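Asker: Each chain is listed here by its residues.
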Amino acid sequence: MSGTGAVIGGTPQARLAATHIAVAVTAFAVAACMGVLQGLSIADFEFPMRSEQLYYISVTAHGVLMALVFTTFFIMGLGYALTQAQLGRLVGLKTAWLGFWVALGGTVTAAYTILTGQSTVLYTFYPPMQAHPAFYIGATLLVVGSWLWGGVVIASYRSWKKDYPDTPVPMATHGILATIIVWYLATAGVAMEMLLQLIPWSLGWVETIDPIIARTLFWWFGHPLVYFWLMPAYVLWYTVMPRIAGGRLFSDKLARMVFILFVILSTPVGFHHQFTDPGISAGWKFAHTITTFAILFPSFVTAFTVIASLEVAGRLKGAKGLFDWIGTLPWKDPFFLAMALAMLSFAFGGFGGAINAAYGMNSMVHNTAWIMGHFHVTLGTTSALTFMGATYWLMPRLLGRQLALPGLARLQPWLWFIGMGIFSTSFHIAGLRGLPRRVYSASLAGEQGGAWADLAQAGAIGGIVLFLSALCFVAVVLGTWLGGKRIEAPAFEFAVPLEPVTEKGLWDRLGFWTIVGIVLVILAYAYPLITLWMTPRFGSPPFQPF
Amino acid sequence: MSVDKYERIWMFGAGGLIVVFLVIISITAATQAVRPPSHIEVVNPATIAEHPEFGDPQLRVEADGRIVIPVLAQMFGFFPDPLEVPVNTPITFRITSADVVHGFQVVGTNANAMAVPGYVSQFTYTFKKAGTYDIACNEYCGLMHHAMVGKITVTEAPGGQR
Chain G
0 MSGTGAVIGG TPQARLAATH IAVAVTAFAV AACMGVLQGL SIADFEFPMR SEQLYYISVT
60 AHGVLMALVF TTFFIMGLGY ALTQAQLGRL VGLKTAWLGF WVALGGTVTA AYTILTGQST
120 VLYTFYPPMQ AHPAFYIGAT LLVVGSWLWG GVVIASYRSW KKDYPDTPVP MATHGILATI
180 IVWYLATAGV AMEMLLQLIP WSLGWVETID PIIARTLFWW FGHPLVYFWL MPAYVLWYTV
240 MPRIAGGRLF SDKLARMVFI LFVILSTPVG FHHQFTDPGI SAGWKFAHTI TTFAILFPSF
300 VTAFTVIASL EVAGRLKGAK GLFDWIGTLP WKDPFFLAMA LAMLSFAFGG FGGAINAAYG
360 MNSMVHNTAW IMGHFHVTLG TTSALTFMGA TYWLMPRLLG RQLALPGLAR LQPWLWFIGM
420 GIFSTSFHIA GLRGLPRRVY SASLAGEQGG AWADLAQAGA IGGIVLFLSA LCFVAVVLGT
480 WLGGKRIEAP AFEFAVPLEP VTEKGLWDRL GFWTIVGIVL VILAYAYPLI TLWMTPRFGS
540 PPFQPF
Chain Y
0 MSVDKYERIW MFGAGGLIVV FLVIISITAA TQAVRPPSHI EVVNPATIAE HPEFGDPQLR
60 VEADGRIVIP VLAQMFGFFP DPLEVPVNTP ITFRITSADV VHGFQVVGTN ANAMAVPGYV
120 SQFTYTFKKA GTYDIACNEY CGLMHHAMVG KITVTEAPGG QR
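If you're matching them up, the sequences are chains G and Y in order.
Taken in order, the first sequence gives residues 0 to 545; the numbers are from numbering that gives the first Met the number 0.
Taken in order, the second sequence gives residues 0 to 161; the numbers are from numbering that gives the first Met the number 0.
Just chain Y, same shape as in the assembly:
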């Protein structure tokens, strides 16, 4: 038995579309670093309070000038909070959790990663617009999950808080 002519055209069209999608994803991954945050690093959640980086997480500027923000997500807040960062500057967020799984989502942007106890999520994001953004927890984490909101202010002055 044969496949109907129109159905064959449709199948080639659908297959072609899928190939086009995958080619676009591959090209952007290779040339523009469009990749999901996939950092692999572990940390002990049981002793997180004494951890040099996450015990008292603070924004820091590395020797090469990069801004790095360690974030500890904990029922029901993000620490440090509030944050202030300069516009048009790459910011590296390093996120972990002290208890259950939380989400870290800068509302209105695609800065979005899971905060998982025992692991460190890391990604770099550049704010293009000054203003105040909410950081929402987007993974159910308990009774006050919805109220787990932080703030990040993006300032106009390059350099910002140092």
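Okay, chain G solo, but in the shape it has when bound:
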């Protein structure tokens, strides 16, 4: 099999991947500063420049930069690095750079309108609240750039397939390709929202907009978006983490099945974000509930396979008892530590997700601080901490520099895990008590803070710990990039499966599963959207937030 053990450090492909990661880390650093101030503001700690306007601008910027920019650029960079390492090629390097500049141009344009206070619509940008047209156009360009990325990876895979027609694609690339398919299925929804609704409306070409159709198209995109964040983390857990631990991938076949299940199930689920919306029938909400619960399954399988792979590592090192293999794992390795703590967080995040998916319980927590707590333990830890750990693993391999400040790199995942534990738990409980999300002050109109003021303060303390962790991360990245000792770039090495898949099977038929995915999206959305479209409705004129 080609690719395993490849050294790519110093090549143009490595430079491409590293540049994407640099943008991701920059976005992360800016957003982290805003996050800590938001935590302080919610808890009613006074600080200079605290104002409602700045708060809502910074919530918009934090959401866009963390959820859309940090993640997308990181995943693009990771995808390039893994493809180059496993397939030994990137077909269309110029297209890849074009995608980078389009995405960066879009990001800078959108960020400019946010930071100048012209697009304070939060990262969900629900109409009829209206942003500057450049915000929608910039966000669209970010997505267009990522489409080019997907095209380059797919073209590389096709070229590789010609050379190795009978070989199953290596596992990490399989996972990245599945991620790209999910991304295309997902972004089709938001592209329709942008091109058919938001952009023409923000330019004044049409006077009104339908907020329910917009929300439906947004959540067509918004939920698979979380799998776009999660699947690259799974790729690393399956293919790199057991290698670092000295183990084997427990089940190659089931890992492939997991990614295919995401391809088909991640998109037809969006109505669970709209349980309390009018205009959508309870029957369709129930249909999406079924698919939402079904998508728990691949994560359950992942929990088993990854932990079993780590147990193999401990057994190979001689562990005999029921649990002593846990102690043999490389807890001092910052990459491994970050991954392991991210996985542990996902256990809590997954349980919370099952609660959100059941609409009886969802009514209690919908749009409360619980939701904020939930996605900080999932996106904010499971994905983000995995990506931070992965940055420690990628940098030496891409830049040919030794990781600087290893002590800080070992401390950082613990700080993130502890800080997020405090932050997320506090806001989960505050949300159950009724604290709405996205509020400038937990005392709301001035006298409502009684039930949750202490929790908001605890959340702010968690936010400060998270900020310290973010500082450590940025210091390690900057230290490595600018002053890391030059070394020969280590090879990209991936976990060897206990029983490798040697022949192409059902789970390698990516084209077939893409079609199944498209059919399911059409089944899930065509009828409700067409019905909405046919119903006589009244559009909404635009409103500026302030």
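Hint data in this document are derived by calculation from the structure and do not stem from the laboratory.
Bear in mind the structure is a predicted one, so any value in this text is a computation, not a measurement.
All residues carry an ideal CB built from backbone N, CA and C; glycine is no exception.
Hints are supplied without guarantee of correctness; some may be wrong.
The calculated DSS-like cross-link candidates involving lysine-lysine, where the alpha carbons are at most 30 Å apart (straight line), are [to be verified]: (1) G/93 - G/160; (2) G/319 - Y/127; (3) Y/4 - G/503; (4) Y/127 - Y/150; (5) Y/150 - G/252; (6) Y/127 - G/316.
Stretch by stretch, here's where chain Y covers chain G in the computed footprint (C-beta under 8 Å, at least three residues) [to be verified]: (7) 338–348; (8) 474–481; (9) 526–537.
With chain G fixed as given, assemble chain Y onto it according to the hints.
Answerer: Chain Y only, in chain G's frame:
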């Protein structure tokens, strides 16, 4: 190649758990009407001020004795406000927005629905405990989103404000 025995047990366990969850949801939906608020009704936000029901929204008692409260959410308040309703009586809330998307959440309960311009959200809720509840806007709606709070007093006397 085969799937490891323990992994197979785990997969059946996980699949079984998901099926149990879905069965519980189906049964409660069918027998106890545990359903999300999914009312389908449209209203013109541009002329909402002249609307017979939402132009000057007031609590009303229908001929069959049901209490219906139309609520207009508008930057940055709920109308009518404050509200007074009797305990242990089903109250039907009908909610829409005059401008952007708002949320309508009776704090400490699961009475929770979106207020979307152009559409009417509707659900029925029975307060089991007397007392004063805050109604919070839980969807970002602008500069004073956090301060968009209404009040509802649930009175002990059945019948309450008529």
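Asker: Could you check the structure against the hints above and give me the numbers of any it violates, in ascending order?
Answerer: As far as the earlier hints go, 2, 5, 6, 7 and 8 are violated by this structure, in ascending order.
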